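Asks: Kindly generate the complete structure, drawing on both the sequences and the hints.
2 protein chains.
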Amino acid sequence: MADFDDEFRRHLRSLIVWRRDVRCFRTDPLPHGMLEELVALSCLAPSVGLSEPWRFVRVNAESRRAGVRAEFERANSEALAGYSGDQARLYAQLKLAGLDRAPVHLAVFVDPGTDKGKGLGRRTMPETLEYSVVGAIVTLWLAARAQGVGLGWVSILEASRVNAILDVPEHWSLIAYLCLGYPEEETQTPELERAGWETRSGATLPLVER
Amino acid sequence: MADFDDEFRRHLRSLIVWRRDVRCFRTDPLPHGMLEELVALSCLAPSVGLSEPWRFVRVNAESRRAGVRAEFERANSEALAGYSGDQARLYAQLKLAGLDRAPVHLAVFVDPGTDKGKGLGRRTMPETLEYSVVGAIVTLWLAARAQGVGLGWVSILEASRVNAILDVPEHWSLIAYLCLGYPEEETQTPELERAGWETRSGATLPLVER
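From first to last, the protein sequence lines stand for chains A and B. Letter by letter, the first sequence follows residues 0 to 209 in numbering that gives the first Met the number 0. Letter by letter, the second sequence follows residues 0 to 209 in numbering that gives the first Met the number 0.
Just so you know, these hints were derived from the structure itself, not from any lab. These numbers come from a predicted model, not from an experiment. Possibly wrong hints are sitting among the right ones.
[To be verified] Straight-line C-alpha distance at most 27 angstroms; calculated DSSO-like pairs for lysine-lysine:
hint	chain 1	residue 1	chain 2	residue 2
1	A	K117	B	K94
2	A	K94	B	K115
3	A	K94	B	K94
4	B	K94	A	K115
[To be verified] Which chain B residues stay away from chain A? Per the calculated CB distances, all over 10 angstroms, these:
hint	residue
5	R12
6	R25
7	E77
8	G112
Beta carbons: idealized from backbone N, C-alpha and C, even for Gly.
Replies: This is the structure:
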C-alpha cells in the first residue's frame with residue numbers, strides 16, 4: 000500500500016486550499032515537456048468503465064487563438080447584456096479569461112463515440128462520460144499548481160463554435176477551454192470574491208443526514 | 000506563494016497513480032469526524048461563478064440503503080441484458096458496487112436552482128454547474144485516498160429514483176452515489192483491467208496540435 004504521512008496530507012490540503020482559477024498570466028513559457036507530463040498525469044484520472052474519453056488539443060496557431068478570443072468576446076458581451084444596474088457595472092469590470100497572455104491554450108473534449116469501456120456504467124447515467132473528462136481536468140489543475148503553474152477554465156464560449164475554430168471532429172464535445180501559465184500574483188482568495196461578485200461558503204455547508 | 004517541493008510532487012504522483020475505484024470494503028467505520036473533514040476539503044474545489052452547487056447527503060438509514068441497493072440491482076440487471084455472449088458472461092461476474100459492505104454511503108447532488116454565482120460563466124455552457132460538483136467529488140476522492148480511505152462511484156442507478164428513496168428535493172439532480180471505507184486490498188491496477196473488461200491506455204494518448 001502506498002504510504003502517505005501527515006506532512007504530505009498537510010501539503011495536499013494547502014494545494015487544495017490554494018488552487019485558484021487564474022486569469023492573469025505571465026507570458027513566459029512552461030519548461031519543455033511539462034505540459035505533456037501534466038496531461039499524462041491527468042490521463043490517470045478515473046473514467047467510467049475505463050472509457051478514457053478525454054481528448055486534449057493544444058492550440059498554438061495564432062489565428063486559432065484569435066478565433067477563440069473573438070468567440071469569448073462575443074459570448075461575454077451577450078452575457079453582460081443579461082445583467083443590469085450595479086451587477087452589469089461589476090460584471091463589465093471582471094477579467095474573466097486569460098486568453099490574451101497565457102502561454103498555453105489547451106482545449107479538452109469528450110469523444111462520445113468511443114467504444115472503450117463497452118458502455119459499462121453509463122446506461123442510466125450517460126453523463127458520466129463527460130464527468131470522466133472533468134475528473135481529468137481537475138487532476139491536471141492540482142498537478143499544475145503543485146508545479147507553480149496556474150490554470151484558468153474558460154466557459155464563456157459557444158462550444159460548437161470552438162470545434163469549428165479548431166477543426167476537430169464534429170462529434171467531439173467541448174468540456175473546457177483552459178489557459179495555463181505562471182500566475183502574475185498568488186492569492187488564496189478567489190478572484191470573484193476579491194471583486195465583490197460572490198462570497199465563498201466553503202466548508203460551512205451542512206451535511207444532510209438521511 | 001505556497002511552496003511545493005519535489006518530494007511532495009512525487010507523493011502527489013503516487014496518489015494519482017494509486018487512486019482506484021474501490022468496490023470491496025472492510026466494514027470498520029471511518030474515524031469520527033473524518034467524513035466531515037473530507038467533505039469540507041472537497042468544498043474548496045473550483046466552481047463556476049463561485050456557485051458552490053454541491054449538496055452532500057450521508058445515507059445512514061438501513062431502509063434507505065436497502066432501497067438504493069435494490070435500485071442498483073434493478074439497473075444492473077437491465078444493463079446485463081444489453082450484453083450477449085462472452086461479454087455478458089464477463090459482465091455478470093464483475094463486482095460493480097460496494098453497497099453491501101461500505102461503512103459510508105454518500106449521495107452527491109447538484110442544486111440547479113442555486114442563485115449563488117448569479118449565473119456567471121454558465122450562460123453558454125450551463126453544464127459547468129454539474130461539472131463543478133464533479134470537481135468536488137474528485138477532490139474528495141484524492142483527499143480520501145491520502146487517508147487510506149477508498150471510494151467507489153456507483154452510476155448504475157436511475158438518478159430520479161434515488162431522489163425518491165432519499166427524500167431530497169425533486170429539483171436536485173444526482174451526480175454520484177459514493178461508497179467510502181477502507182479497501183479490502185490495495186492495487187495500482189484498475190479492477191476492470193484485472194477482470195479483463197478493458198485495458199488502460201493511460202498516458203499513451205497523443206496530444207493533438209492545432
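Asks: Evaluate each hint against the coordinates.
Replies: Consistency of the hints with the structure:
Between the alpha carbons of A/K117 and B/K94 the distance comes to roughly 16 angstroms, so the proposed pair stays at or under 27 angstroms and holds. Note on A/K94 and B/K115: the hinted pairing holds, with a Cα-Cα distance of about 19 angstroms set against a maximum of 27 angstroms. About 48 angstroms separates the Cα atoms of A/K94 and B/K94, which puts this hinted pair outside 27 angstroms; it is violated. Between B/K94 and A/K115, the direct Cα distance comes to roughly 19 angstroms. Compliance with the 27 angstroms bound is thereby established for this hinted pair.
Separation of B/R12 from chain A is inadequate, the least Cβ-Cβ distance of about 7 angstroms not exceeding the 10 angstroms criterion. Listed as outside the interface, B/R25 is consistent with that label: its C-beta sits roughly 13 angstroms from the nearest C-beta of chain A, beyond the 10 angstroms cut-off. Not every C-beta of chain A lies more than 10 angstroms from that of B/E77, the closest at about 7 angstroms, which undercuts listing it as non-interface. No Cβ of chain A approaches the Cβ of B/G112 within 10 angstroms, the least distance being about 15 angstroms, so the stated non-interface status holds.
Comparing the model with each earlier hint shows violations of hints 3, 5, 7; every other hint is respected.
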